[in-house]
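*Asks:* Sequence:
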Amino acid sequence: QLVFFEGQGKVTCIPVVVAVTSPFPPSDKIGIKSVQMEGETVVPMKQMKMNWVPYIPLENRHSSVERLKSQIFTLQCTQR
Numbered sequence: 010q011l012v013f014f015e016g017q018g019k020v021t022c023i024p025v026v027v028a029v030t031s032p033f034p035p036s037d038k039i040g041i042k043s044v045q046m047e048g049e050t051v052v053p054m055k056q057m058k059m060n061w062v063p064y065i066p067l068e069n070r071h072s073s074v075e076r077l078k079s080q081i082f083t084l085q086c087t088q089r
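So that you can map any letter, position 72 of the sequence shown is 81 in this note's numbering, and since no number is skipped, the others follow by simple counting.
Where hints are given, some of them may not hold.
[Said to hold, decoys possible] Mimicking DSS-like on lysine-lysine, the simulated pairs with C-alpha atoms at most 27 Å apart in a straight line are: (1) K78 x K58; (2) K19 x K38; (3) K78 x K55; (4) K58 x K42; (5) K55 x K42; (6) K38 x K58; (7) K78 x K42.
Quick caveat, the hints were computed from the structure, so don't treat them as lab data.
My request is simple: use the sequences and hints to build the entire structure.
*Replies:* As structure tokens, then:
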């Protein structure tokens, strides 16, 4: 995000949380589209170091049963 501060434009990274409510995990594929590419490329999310993980509230993280019942998935990315 370009932010103007004291007359200067600075690029600032803004954290984002992506969450999906679903009875099952969203697709494990991601489509990549760029103005330099002619078409869209579909790749596995693992290739991009991304994954959908179930959201487990802090108070329930000790229980593995809660993981099976989760209907909220958050996007996890380990790429820097």
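*Asks:* Go through the numbered hints given earlier and state which of them the structure violates, listing their numbers in rising order.
*Replies:* The structure conflicts with hints 2 and 7, although it agrees with all the remaining ones.
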